[in-house]
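Enquirer: So you can see what is in the structure, the chains are spelled out below.
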Amino acid sequence: MTIASFEPAALLAVLPEILLLALAGLILTLDMIFRDRRGTYLSWVTSAGLAAILVVTLVYSRPGEEQLILGGMVREDWLGFAFKVVLLFAAAVTALLSQGVEGVRDRGEYYALLVVATLGMNLMATAADLIMLFLAIETTSIPLYVLAGFLKGDDKSTESGLKYFFFGALTSAVMLYGFSLLYGFSGETNIYFLAEGMRAGEVSPWLMAAMAALVLVGFGFKISAAPFHFWAPDVYEGAPTSITAFISTASKAAGFAVLVRFMMAAFPAIEAQWSLLLAILAAATMTVGNLIALVQSNIKRLLAFSSISHAGYALIGLVALNHLGSASLVFYLATYVVTNLAAFGVVIVFARTAGSDEIADYAALSRRSPGLALALLVALLSLGGMPPLAGFVAKFYVFAAAVEAGYIWLAFLGVLNSIVGLYYYLTILKVVYLYRSEDEDKPVPVPGVYAAALGVCALLIVAIGALSGPWLEWALRVTGGLF
Amino acid sequence: MAFPILSIIVFTPIVFGLALLLFPAHRHREIRIAALVGASITTVLSIWAYFTYDQALGGYQFVEKIPWIPALGISYHVGVDGMNLPLVLLTGVVIFTGVLISWGIDDRPREFFAFLFILATGVFGVFVSLDLFQLLFFYEIAVFPMYLLIAIWGWKVTREYAAMKLTLYLFVGSVIALVGALAMYFASGLGTFDLLALEGAGFSTGFQRFWFPFVFFGFAVLGGIFPVHNWSPDGHVAAPTAVSMFHAGVLMKLGAFASLRVGIMLMPEGAKFWAPLILVLATVNVVYGAFIASVQTDFKYVIGFSSVSHMGLVLLGFASLNLDGLTGAGIQMFSHGVMTALFFAVVGVVYDRAHTREIPKLGGFIRPLPLAAVAFIIGGLVSMGMPGFSGFIAEFPIFMGLWQRAPIVAIVAAISIVITASYIMRVVGNVFFGEMPKEFEGHISPIKVQDKVALVMLAVILVIVGVYPRIMAPLVQSGAQAILALVGGA
Numbered sequence: 001m002t003i004a005s006f007e008p009a010a011l012l013a014v015l016p017e018i019l020l021l022a023l024a025g026l027i028l029t030l031d032m033i034f035r036d037r038r039g040t041y042l043s044w045v046t047s048a049g050l051a052a053i054l055v056v057t058l059v060y061s062r063p064g065e066e067q068l069i070l071g072g073m074v075r076e077d078w079l080g081f082a083f084k085v086v087l088l089f090a091a092a093v094t095a096l097l098s099q100g101v102e103g104v105r106d107r108g109e110y111y112a113l114l115v116v117a118t119l120g121m122n123l124m125a126t127a128a129d130l131i132m133l134f135l136a137i138e139t140t141s142i143p144l145y146v147l148a149g150f151l152k153g154d155d156k157s158t159e160s161g162l163k164y165f166f167f168g169a170l171t172s173a174v175m176l177y178g179f180s181l182l183y184g185f186s187g188e189t190n191i192y193f194l195a196e197g198m199r200a201g202e203v204s205p206w207l208m209a210a211m212a213a214l215v216l217v218g219f220g221f222k223i224s225a226a227p228f229h230f231w232a233p234d235v236y237e238g239a240p241t242s243i244t245a246f247i248s249t250a251s252k253a254a255g256f257a258v259l260v261r262f263m264m265a266a267f268p269a270i271e272a273q274w275s276l277l278l279a280i281l282a283a284a285t286m287t288v289g290n291l292i293a294l295v296q297s298n299i300k301r302l303l304a305f306s307s308i309s310h311a312g313y314a315l316i317g318l319v320a321l322n323h324l325g326s327a328s329l330v331f332y333l334a335t336y337v338v339t340n341l342a343a344f345g346v347v348i349v350f351a352r353t354a355g356s357d358e359i360a361d362y363a364a365l366s367r368r369s370p371g372l373a374l375a376l377l378v379a380l381l382s383l384g385g386m387p388p389l390a391g392f393v394a395k396f397y398v399f400a401a402a403v404e405a406g407y408i409w410l411a412f413l414g415v416l417n418s419i420v421g422l423y424y425y426l427t428i429l430k431v432v433y434l435y436r437s438e439d440e441d442k443p444v445p446v447p448g449v450y451a452a453a454l455g456v457c458a459l460l461i462v463a464i465g466a467l468s469g470p471w472l473e474w475a476l477r478v479t480g481g482l483f
Numbered sequence: 001m002a003f004p005i006l007s008i009i010v011f012t013p014i015v016f017g018l019a020l021l022l023f024p025a026h027r028h029r030e031i032r033i034a035a036l037v038g039a040s041i042t043t044v045l046s047i048w049a050y051f052t053y054d055q056a057l058g059g060y061q062f063v064e065k066i067p068w069i070p071a072l073g074i075s076y077h078v079g080v081d082g083m084n085l086p087l088v089l090l091t092g093v094v095i096f097t098g099v100l101i102s103w104g105i106d107d108r109p110r111e112f113f114a115f116l117f118i119l120a121t122g123v124f125g126v127f128v129s130l131d132l133f134q135l136l137f138f139y140e141i142a143v144f145p146m147y148l149l150i151a152i153w154g155w156k157v158t159r160e161y162a163a164m165k166l167t168l169y170l171f172v173g174s175v176i177a178l179v180g181a182l183a184m185y186f187a188s189g190l191g192t193f194d195l196l197a198l199e200g201a202g203f204s205t206g207f208q209r210f211w212f213p214f215v216f217f218g219f220a221v222l223g224g225i226f227p228v229h230n231w232s233p234d235g236h237v238a239a240p241t242a243v244s245m246f247h248a249g250v251l252m253k254l255g256a257f258a259s260l261r262v263g264i265m266l267m268p269e270g271a272k273f274w275a276p277l278i279l280v281l282a283t284v285n286v287v288y289g290a291f292i293a294s295v296q297t298d299f300k301y302v303i304g305f306s307s308v309s310h311m312g313l314v315l316l317g318f319a320s321l322n323l324d325g326l327t328g329a330g331i332q333m334f335s336h337g338v339m340t341a342l343f344f345a346v347v348g349v350v351y352d353r354a355h356t357r358e359i360p361k362l363g364g365f366i367r368p369l370p371l372a373a374v375a376f377i378i379g380g381l382v383s384m385g386m387p388g389f390s391g392f393i394a395e396f397p398i399f400m401g402l403w404q405r406a407p408i409v410a411i412v413a414a415i416s417i418v419i420t421a422s423y424i425m426r427v428v429g430n431v432f433f434g435e436m437p438k439e440f441e442g443h444i445s446p447i448k449v450q451d452k453v454a455l456v457m458l459a460v461i462l463v464i465v466g467v468y469p470r471i472m473a474p475l476v477q478s479g480a481q482a483i484l485a486l487v488g489g490a
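Residue numbers (the working numbering), protein chains in the order written: chain A, 1 to 483; chain B, 1 to 490.
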């Protein structure tokens, strides 16, 4: 692979990022001009802007030939494109959901930071150079640290931001050390040339595995894989719920985008070690996430642990290191993003009225708002892997990939884990549908914008689950370039 | 393309179920009528399919095949033959009577019927499935709504426990079977989930012996096989009446059918290897289930354990791996389904009036509820395998098949007939005859017309199959023959 010489057309590949930067500027400008105007108009601007960028991406930014562009900093390919679509969708929905979150809904800098974080994530999905990759990760992380701690008056939010920052800084440092070793031994910073450089330098596989492990610390933090998951519950619980949704979906998907590209490109020589390392990581991640989720009483914490376990399932797709595996990973992440956004959407709507995130307070939700209860049912059952919802086929594909690669034990561990998951999702639904409450005569109003957002997510969950053929074809096509 | 009758049968319930959710919650009457309309359409179509199936032609009929997930060779592929057609009819009958029996549900009937109909779609989908992925897909759709139905509308005392236990048991079974299905898919090298193609995949004997237990026992959990039968009586008892009917009447057949369809038919060598173990476990089911049923004092638990016992006979029929055994098992699935639905309907009718199910506290119910008593007695005679009732048509071939395969098992299992007779007699004697306790005198309201229709319909079916077995036996036999062709003789 060679680096294509610069042509103005190459800028089309980064058009979404350019537009994101412009959008962030626009938001800040609007906020300054209409300083006295309070309300939700910024949420609409952000959301509409992100949706427009999504459309532009779909129309103008479709990759042609797969190639390294802009001096090798980014790679123009279908994988990156697919992740960009998912990330922009997640950001647009998050911006919409932010309307209901007290303390952030009318803050210009909040929306600007959200857009900048999205910009970083988009670059993570396409970065092909260690330096670009590091910058992208930091461009994503730093706004997220601020956003997590955005509610200044709230101790938990402050704790959330601080904890996220400390963990992030530490894992970044370790990852950077790994990057420096990679450069030192191969003499290359472009991840597509690393493998060649290693071969030329006759680097021993074990040394490579050690470097891979260092890099994995940074990526593991982003996707909240065990044992780098300790930040997740506290950060999820304390952060404004819209940001929790964003971190648990978009940020995680971006982390996986980096992981899948890096694994496939940089270390073909140590596939066996890699695969085993990832298998152990996947097994530990899903088991730890699920077991601790069992005892949670706060729905945000529960969803935090559940999201850890989902990182574990998604990793299974990567373990397989085959075409179906990487396609199943992309498919899994896309469905997971949609599903988790729906779940957090319900949490936000409920907290608007009830002011609580305790699971016990969800009692009689099915009487207070049958529609909201149904949305939660769809989201949780999809997370639990129940057909005809998206979560079932997504799990089916990753387990299929594991079986195809001969990881039968991992597939068994995965399915048993999904039973544990099902148990705690059912306990929430039990509270929602079965338990009575003193407040059951007080309806939980669902404003139109939420009804629309939740409706779109729920429809997507059902559509992806029942008619997954085209989606899988798409996932197979976008990952085809990796092999 | 021909009229897609099977697809209409499969999807009518879920369409109605989702449409019900759009009704205003308080319009109970309209909701019930809409539910009945949906159930009627399904039932009429399943009866129609049953009688228009061309027996002379045999094989899979009403076949539809549409690519679903082409990348993995998955199709939406449905068809019926002699083995699954009676089960489609059974499901049609139970959904119709179940809606009638649930007429009195006042707490959120909209959600109740919606979940019940989603469940029905799952059940139909499994029975007509000719694609392995599709089978698993519908299988889980069938199992899940059970949780909410039991947990929300069930018996207050045990519903949370029983619902969770049932769900977890069944899902552990189904996901283990799922891994087995994936192993078959990749081992076959055919790149298809089509069941008919996989039948000819020629898995090695070693592969079959290793993977058969995962698939067979994974599904057999839902069939109530010993020692993982425990979820079933608890679930039956905790469930509201219509759900018990569905659960014992149809869902347990789902497990048995799937273990036959995927386990035995795709891995016949594995089936032969593991048949002795299945025989032993199923014998325990039959005898132990009957014994436990005979010492219960709760009316509903008696029926719950009797299901464990009768499902054991189905599994024994499978494990005999010969024509008589498989035919008997096929008829038994239908006969037991209708019978147990009838039993639970009667239990529901009695409990709604007496508010207790303790057998010693009941008595003399034949006077206020003569129809319920007669229906129960008919069910009891079926359960004992009396000639002239469908139970005989089912159990006699099973025992014939067993005798050819393992006479000792036939003898041991036959003990259960005596025990069954004893507990049925005890229930009939103590609940319907004898003195009526004082507190019930004059407080027992007469049976509602919806319940009457349901009970009569179920009882009549049992008698028709009993006195005119030609309506079902040759059909099931043709299905059994097809299975035998795969297994390759006894």
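Be careful, since some hints might not be right.
To be verified - Label-pair ranges, simulated between beta-carbon atoms:
hint	chain 1	residue 1	chain 2	residue 2	range
1	A	408	B	47	21 to 27 Å
2	A	408	B	411	38 to 44 Å
3	A	169	B	155	51 to 57 Å
4	A	449	B	8	36 to 42 Å
5	B	157	A	153	46 to 52 Å
6	A	323	B	57	41 to 47 Å
7	B	227	A	276	54 to 60 Å
8	A	323	B	40	22 to 28 Å
9	A	107	B	66	18 to 24 Å
10	B	161	A	449	39 to 45 Å
11	A	371	B	297	43 to 49 Å
To be clear, the hints were calculated from the coordinates, so they are not data collected in a lab.
By construction, the Cβ of each residue, glycine as well, lies at the ideal position given by its N, Cα and C atoms.
Enquirer: With reference to the structure, classify each hint as holding or not holding.
Expert: Against the structure, the hints:
no.: 1; hint: A:408 - B:47: 21 to 27 Å; in the structure: violated, 44 Å
no.: 2; hint: A:408 - B:411: 38 to 44 Å; in the structure: holds, 41 Å
no.: 3; hint: A:169 - B:155: 51 to 57 Å; in the structure: holds, 56 Å
no.: 4; hint: A:449 - B:8: 36 to 42 Å; in the structure: holds, 38 Å
no.: 5; hint: B:157 - A:153: 46 to 52 Å; in the structure: holds, 47 Å
no.: 6; hint: A:323 - B:57: 41 to 47 Å; in the structure: holds, 43 Å
no.: 7; hint: B:227 - A:276: 54 to 60 Å; in the structure: violated, 36 Å
no.: 8; hint: A:323 - B:40: 22 to 28 Å; in the structure: violated, 48 Å
no.: 9; hint: A:107 - B:66: 18 to 24 Å; in the structure: violated, 51 Å
no.: 10; hint: B:161 - A:449: 39 to 45 Å; in the structure: holds, 40 Å
no.: 11; hint: A:371 - B:297: 43 to 49 Å; in the structure: holds, 44 Å
Checked against the numbered hints given earlier, the structure breaks hints 1, 7, 8 and 9 and satisfies all the rest.
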